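In order, the protein sequence lines correspond to chains Y and D. Per our numbering, the first sequence starts with residue 237, numbered consecutively. Per our numbering, the second sequence starts with residue 237, numbered consecutively.
Think of the hints as simulated: they come from the structure by calculation, not from any bench. From a predicted model like this one, the values you see are computed outputs, not experimental measurements. Heads up, a few of these hints could be off.
Because identical chains share one entry, a pair is satisfied inside a single copy or across any pair of copies.
What the hints assert, rightly or not - Straight line, CA to CA, 20 Å or less: simulated PhoX-like cross-link-like pairs of lysine-lysine: (1) Lys571 / Lys313; (2) Lys542 / Lys496; (3) Lys571 / Lys523; (4) Lys268 / Lys496.
Protein chains: 2
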Amino acid sequence: MKKSILLKATLLLSLSLSSLGFTSAALANDGKKYRWKLAETWGPNFPIFGEATKNMAKMVKEMSNGRLDIRIDSSNKHKSPLGIFDFVKSGQYQMGHSASYYWKGKNFNILFFTTTPFGMIAPEQYAWFYHGGGMELMQKVYGKYGILSFPGGNTGNQMGGWFKKEINSVEDFKGLKMRIPGFAGEVLAKLGAKPTNIPSGELYTALERNTIDALEWVGPSLDLRMGFHKIAPYYYTGWHEPAAELQFMVNEKAYNSLPKDLQKILTVAMKTSAYDMYIQSTHASGKNLASLQKDYPNVEVRSFPKSVMNSIVKANDELLTEFAAKDPMTAEILKSLNDYQRQVRPWTNLSDRAYLDNFDAK
Amino acid sequence: MKKSILLKATLLLSLSLSSLGFTSAALANDGKKYRWKLAETWGPNFPIFGEATKNMAKMVKEMSNGRLDIRIDSSNKHKSPLGIFDFVKSGQYQMGHSASYYWKGKNFNILFFTTTPFGMIAPEQYAWFYHGGGMELMQKVYGKYGILSFPGGNTGNQMGGWFKKEINSVEDFKGLKMRIPGFAGEVLAKLGAKPTNIPSGELYTALERNTIDALEWVGPSLDLRMGFHKIAPYYYTGWHEPAAELQFMVNEKAYNSLPKDLQKILTVAMKTSAYDMYIQSTHASGKNLASLQKDYPNVEVRSFPKSVMNSIVKANDELLTEFAAKDPMTAEILKSLNDYQRQVRPWTNLSDRAYLDNFDAK
């Protein structure tokens with residue numbers, strides 16, 4: 237009797253499921269609700285960077301109909317803006333949002349996945365990630381930590397920074413105290429500057445009180461709200477971060493525990509949010525540059541003199557050669573980056589650059 | 237007794253559902269399987285453009301776990317490469333993939349959503365679509381046909397075309413038979429050229445037999461396989477399509493019939509596939525330009541002389557003024573495009589352009 241009831245119940249169950257419209261494909265979902273946490277380097281309501289994580293989590297929630305719900309903890313919550321890598325590695329957070337070059341102390345090779353001085357601009361670099369072997373190289377570096385790494389949003393070309401005094405020759409870098417993190421700092425140190433890293437919240441005061449003589453932050457998209465233009469009149473064009481790409485990290489075990497459809501929803505949402513941030517950065521830069529030029533006409537926007545640029549290029553090349561000689565993985569990444577740039581740049585020159593040069597007076 | 241079995245069965249059903257992990261959120265899906273069809277302008281296995289539709293449909297299928305399955309019909313199947321708009325309008329196909337400027341015969345204003353001569357480059361134009369009011373204007377034009385329109389992939393900056401003879405002065409356009417569709421054709425006609433449109437399959441023969449003296453197609457990403465470089469030695473840089481965006485169209489009623497999560501999955505997949513195509517175009521252009529220069533060193537790549545460019549700019553401006561005076565909607569779209577370009581271009585000049593000019597010898 238029990239058997240018969242069970243049989244009928246099973247029959248009813250399958251009938252009910254099919255009347256609800258569940259197909260075998262839908263049943264392949266485990267249907268479980270996953271609650272994840274993401275730790276980000278940024279403070280709460282941080283523009284653009286912080287919007288990239290919210291945009292990603294919103295897409296995931298809506299596309300998965302709530303089956304994957306990602307809570308975002310900003311730095312005020314987790315208190316460790318530069319602890320994101322360790323949070324994701326340990327699984328304390330399933331996801332993180334930060335910048336790859338912040339982890340160069342753990343693994344020097346990791347810094348090349350953000351941007352490189354004199355490297356590729358944003359569309360070129362995305363082409364390297366997705367068609368030139370960049371994703372595979374990045375995973376080769378991150379794999380040993382049990383972390384999956386993905387592009388997390390591009391700032392576009394960053395400005396060279398705010399200077400209190402004009403740079404007329406390479407001698408002007410001697411003794412110059414400048415906030416400039418990453419590889420670019422090592423390049424300027426080679427030229428006699430004193431690079432330092434200072435958290436963003438203290439930057440304005442440091443510049444105002446002459447603790448530093450210059451700093452780089454991002455560009456018009458995010459610099460304007462910091463107020464640097466009120467105390468440093470020279471705004472230089474960039475060389476050191478032609479396409480800074482932020483980064484989503486996912487704990488590999490957590491990722492593997494998701495059903496296939498949620499894995500796909502997550503990776504597509506991260507990819508879209510990264511592209512979206514590049515476009516939002518383009519928009520905000522244009523808008524804020526216009527405000528800057530209207531409201532602060534005394535800001536002097538300029539490029540370094542040719543002789544200064546040549547010295548920076550030379551110092552950069554020498555440092556890269558040194559590092560490549562030390563570690564075969566560094567050499568492999570640099571070869572991939574350089575070969576790809578040599579392939580794609582003639583197209584950029586022939587298309588957008590020629591077009592701008594031909595039809596847009598500076 | 238029947239009642240008791242039903243009760244137990246219901247109990248078992250709900251137990252089974254919860255042990256399967258179905259939550260109320262998952263049940264909010266209708267669980268139905270949707271089978272859609274997309275008609276594309278392109279032939280089967282068409283590179284890049286055709287890969288954009290496959291990329292989109294694959295993302296949708298995997299993210300929805302098969303609940304939304306989109307079959308792609310290429311032009312060999314539906315036999316009407318330029319009938320895509322009508323297919324989607326009538327609902328014969330739920331979706332289409334094509335280029336907006338192909339529908340200028342139905343509504344002149346529709347052409348501005350592909351690209352405009354002397355207009356924005358790709359990241360600028362995406363910023364206009366998503367932050368500058370472009371999506372809203374596009375929908376204002378498409379809404380009256382019951383069609384939702386979305387960016388469908390960018391070719392990047394298109395080349396100015398293949399010419400059998402060099403262009404030294406604006407006089408050289410007089411009587412020149414050139415395949416160049418859209419608004420750009422009208423501009424060249426004003427300068428005395430004889431623009432024409434010829435299907436892509438007949439282009440090579442037309443150029444070889446002197447039916448036409450010149451043609452534009454796309455750029456290195458797609459031109460190389462057409463063989464034009466073997467019969468027309470001059471390859472000119474572009475002015476007429478600085479960022480040609482293809483287009484996904486969705487029948488509005490079909491879209492509204494989808495559950496919310498599938499709507500979101502579809503819109504995110506279209507957006508990602510569009511961005512992806514821009515990056516794939518960048519990659520393929522770089523790769524194919526390198527092959528072209530290696531295997532066909534006699535191809536002469538150049539820009540039009542300054543005097544010729546000035547004449548083209550002038551003719552274009554005059555035509556736009558004429559059209560804007562005829563229709564308030566044209567005027568509204570052109571004002572939006574021009575205002576946005578004026579805002580974003582100084583940033584492009586200060587960032588990527590200054591960077592390329594400073595650190596990359598031509």
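Hints, verified against the model:
Taking the closest pair of Cα atoms, Lys571 and Lys313 never come within 20 Å of each other, the shortest separation being 40 Å inside a single copy and 45 Å across copies. In this homomeric assembly, Lys542 and Lys496 never come within 20 Å of each other (Cα to Cα): the closest approach is 53 Å inside a single copy and 56 Å across copies. In this assembly of identical chains, Lys571 and Lys523 lie within 20 Å of each other by CA distance solely across copies; the values are 17 Å between and 37 Å within a copy. Proximity of Lys268 to Lys496 under the C-alpha cut-off of 20 Å is found in both arrangements, the shortest distances being 13 Å within a copy and 19 Å between copies.
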